[in-house]
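The task is simple: from the sequences and hints, build the whole structure.
In order, the protein sequence lines correspond to chains A and B.
The first sequence begins at 1 in the working numbering and counts up by one.
The second sequence begins at 1 in the working numbering and counts up by one.
Among these hints, one or two may not hold up.
With a straight-line Cα cutoff of 30 Å, these simulated DSBU-like cross-link-like pairs (lysine-lysine) come out [stated by the list, open to error]: (1) K232/A <-> K15/B; (2) K16/A <-> K15/B; (3) K3/B <-> K93/A; (4) K278/B <-> K3/A; (5) K210/A <-> K15/B; (6) K21/A <-> K297/A; (7) K68/B <-> K394/A.
No lab work stands behind these hints: they were computed from the structure.
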Amino acid sequence: MLKTFSKGGIHPPENKLTANKQIEMLALPKTVVVPVAQHIGAPAKIIVKRGDMVKAGQIIAESGGFISANIHSPVSGKVTKFDKIIDTSGYKKDTVIIEVEGDEWVDTIDKSDTLIKEISLSPEEIVKRVNDSGVVGLGGATFPSYVKLMVPKGKKADVLILNGVECEPYLTSDHRLMLEKGEEMLVGVKIIMKAINVNKAIIGIENNKKDAIEHLTTLCQGYDGITVVPLKVKYPQGGEKQLIKATINREIPSGALPIEVGAVVQNVGTAFAVYEAVQKNKPLFERVITITGKSLKNPSNFLVRVGTATSNLIEAAGGLPEDTGKIISGGPMMGKALLNDQSPVTKGTSGILIMPEVESQRRKMLPCIRCAKCVSVCPMGLEPFLLMTYSVKKEYEREEKERVMDCIECGSCSYVCPSDRPLLDYIRLGKSEIGKIIRSRKA
Amino acid sequence: MNKLFVSPSPHVYGKQSVKGLMYGVLIALIPTMLVSIYFFGMGALIVTLSSVLSAVAFEYLITRFILKSESTIMDGSAALTGLLLAFNVPSNLPLWIILIGSFVAIAVSKMSFGGLGNNIFNPALVGRVFLLISFPVQMTSWPKPIAITEKMLPYLDAETGATPLALVKEGVRNGVKLSEIQGIPSNMDMFIGNMGGSLGEVAAIALILGLVYMLVRKIITWHIPVSILGTIAIFSGLMHLGNPDKFTDPVFNMLTGGVLLGAIFMATDYVTSPMSTKGMLIYGVSIGVLTVVIRAFGAFPEGVSFAILIMNAFVPLINMYSKPKRFGEKQKK
Ligand code: SF4
Ligand code: SF4
Numbered sequence: 001m002l003k004t005f006s007k008g009g010i011h012p013p014e015n016k017l018t019a020n021k022q023i024e025m026l027a028l029p030k031t032v033v034v035p036v037a038q039h040i041g042a043p044a045k046i047i048v049k050r051g052d053m054v055k056a057g058q059i060i061a062e063s064g065g066f067i068s069a070n071i072h073s074p075v076s077g078k079v080t081k082f083d084k085i086i087d088t089s090g091y092k093k094d095t096v097i098i099e100v101e102g103d104e105w106v107d108t109i110d111k112s113d114t115l116i117k118e119i120s121l122s123p124e125e126i127v128k129r130v131n132d133s134g135v136v137g138l139g140g141a142t143f144p145s146y147v148k149l150m151v152p153k154g155k156k157a158d159v160l161i162l163n164g165v166e167c168e169p170y171l172t173s174d175h176r177l178m179l180e181k182g183e184e185m186l187v188g189v190k191i192i193m194k195a196i197n198v199n200k201a202i203i204g205i206e207n208n209k210k211d212a213i214e215h216l217t218t219l220c221q222g223y224d225g226i227t228v229v230p231l232k233v234k235y236p237q238g239g240e241k242q243l244i245k246a247t248i249n250r251e252i253p254s255g256a257l258p259i260e261v262g263a264v265v266q267n268v269g270t271a272f273a274v275y276e277a278v279q280k281n282k283p284l285f286e287r288v289i290t291i292t293g294k295s296l297k298n299p300s301n302f303l304v305r306v307g308t309a310t311s312n313l314i315e316a317a318g319g320l321p322e323d324t325g326k327i328i329s330g331g332p333m334m335g336k337a338l339l340n341d342q343s344p345v346t347k348g349t350s351g352i353l354i355m356p357e358v359e360s361q362r363r364k365m366l367p368c369i370r371c372a373k374c375v376s377v378c379p380m381g382l383e384p385f386l387l388m389t390y391s392v393k394k395e396y397e398r399e400e401k402e403r404v405m406d407c408i409e410c411g412s413c414s415y416v417c418p419s420d421r422p423l424l425d426y427i428r429l430g431k432s433e434i435g436k437i438i439r440s441r442k443a
Numbered sequence: 001m002n003k004l005f006v007s008p009s010p011h012v013y014g015k016q017s018v019k020g021l022m023y024g025v026l027i028a029l030i031p032t033m034l035v036s037i038y039f040f041g042m043g044a045l046i047v048t049l050s051s052v053l054s055a056v057a058f059e060y061l062i063t064r065f066i067l068k069s070e071s072t073i074m075d076g077s078a079a080l081t082g083l084l085l086a087f088n089v090p091s092n093l094p095l096w097i098i099l100i101g102s103f104v105a106i107a108v109s110k111m112s113f114g115g116l117g118n119n120i121f122n123p124a125l126v127g128r129v130f131l132l133i134s135f136p137v138q139m140t141s142w143p144k145p146i147a148i149t150e151k152m153l154p155y156l157d158a159e160t161g162a163t164p165l166a167l168v169k170e171g172v173r174n175g176v177k178l179s180e181i182q183g184i185p186s187n188m189d190m191f192i193g194n195m196g197g198s199l200g201e202v203a204a205i206a207l208i209l210g211l212v213y214m215l216v217r218k219i220i221t222w223h224i225p226v227s228i229l230g231t232i233a234i235f236s237g238l239m240h241l242g243n244p245d246k247f248t249d250p251v252f253n254m255l256t257g258g259v260l261l262g263a264i265f266m267a268t269d270y271v272t273s274p275m276s277t278k279g280m281l282i283y284g285v286s287i288g289v290l291t292v293v294i295r296a297f298g299a300f301p302e303g304v305s306f307a308i309l310i311m312n313a314f315v316p317l318i319n320m321y322s323k324p325k326r327f328g329e330k331q332k333k
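Rendered as structure tokens:
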């Protein structure tokens, strides 16, 4: 029996259209629009001026605090403009616009393909390098990675867990990276192990990626302490709490972080970025993005510079299909719908999904028939139908008691509801209202 | 470019719909219906059709003329209530009584509470119990299964007899030992449905087929039916061991008096059953215990309908006190 998490979960159609498509380089765009807030936390502060010439890998915005990240220029060229754009969060964000000229990289970057296995940096130096390189969690959460590499005082990590689950339907960027950059990734894992001082690492991969499981299992023989654990296909296994439960059967207490149970979780893509940062001195300014959708002519996996417009990816994948109704940044379960095709991709963009119009519209909501399906699929053991009722009635105190803040917004409840009730919409509403209440209580 | 839809995640949805689920239950009931027509002939067909059609008609009329809202009959739930009501009455029930039952089920027990999803009591069972109390004679004169050659006879004239459960009740009351009571069908006959009873309760094999279908299609989970049946088996088994002259054996208890119909199709009604698996188990075990107790000590020979209705009333309470186990709860002391 394959391992998995014990509570709830769903199995949406996988639709991994690009599982066998090799990663291709996307041609450089003419301009890039680089947001200074591509991570969770404080936005970075812009340190270039209009008219400055920059090289790829040059820092253009400095980390704005403890939880923040440096932003590097993804291209070489001229800084032409600073502008505000509405990003996927729906808020206006500062960006740096650079007109591309050539492709010159800062000369500290090692551009060669040679694998460097030996880790010469000390744990402190690793943390610093990862911070300097602007590496953030590439699974979608975009939490600055260096913070997770510093185990808080009084806590101890005993295992590193790598998230190679990629449980979102359609997305294959992690899958391809594991196949094509497996060795580099494992060195990255070793580097992280050194930084957090553990001698055990587990790579969790869902069983729909048998080739990746096989490939990494073979490679692991050359790397002490790293093992691959195949997992049963079940959404949301990529959630930190679910992944830890599935791989090492520990349950993070409500409101706590993984370190509470001795675990540190990193995405496999992040491990690769750490490799590049530490061994090749290459800051994070490009990433693998899956561009996909059922009506798309040529769904692909591209290596893309940050700041490239979504439309560039769509063009390269055969153009926007006639029947497009929705463009999603990320996967269909947790991704964000884009306002237009001009949004730039960022460090956190794992995929662009083009949905046909017929699948884009919400269905009409019917009354709750109390079928309990939302309850049975909730991986956090919540009662979504009840939380929605409380949100509607604005009974926030009771909603908080029902542990609404534990909701990981996986959307399984909305997915499964036969009455098409927008459960998660209302739960989010409740969470934000209760968040305000909690903050005012503390103040 | 077309206008893009922008909405919060998730952006994909599962295949199950209210309609799909209701029709799924209807499909699961087809074998039972065929068996009942086989054993009870025209009567079964007439009772079923009139119950289903009248239930749908009542719901239509109420939404159209009283609530003045969109009609809900296409979701299949009214038809399902009608079908389940029919399965809970004898096949020779006069039409006008069926109409009353279906009116009580739809108008009183479902629509007056606000329609599908808001009722506390299982509509079909409310209809059934109302009829049982109002028309005890008609509701307990059970046609005997008829020979294939007589299937076309006018259904009201069917020869009637007691159900196995009623025979037992009567016998025990008169002090006759169980083993000496006459006319109890063999286990095999009870299994295939060759006995007197409500038209949907007799065919064990067909009901179980329906259960399997619903489990495979993930329409319901195992918790409620299995906990009811398990409890009845164990509890009645213990009583039987204690006094085999007075209390019937578990197999008999499971196959008679609508236990299977109740456990598989009535107690699993979404609206009137609990929301957490823990709650479902509490509910199922309670129904099992109540059923055996009512049978052994109550005035009516069978007890599932009452047991389910009683537990329906406790569902809000069960929901309040049997929350699902929260993730990360164990460690938080
Ligand atoms: S979105 Fe929240 S409430 Fe809904 S299933 Fe996921 S964790 Fe549970
Ligand atoms: S899944 Fe939908 S219909 Fe079923 S209980 Fe939850 S909210 Fe109600």
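key: Ascending list of hint numbers which this structure does not respect   = Structure breaks no hint.
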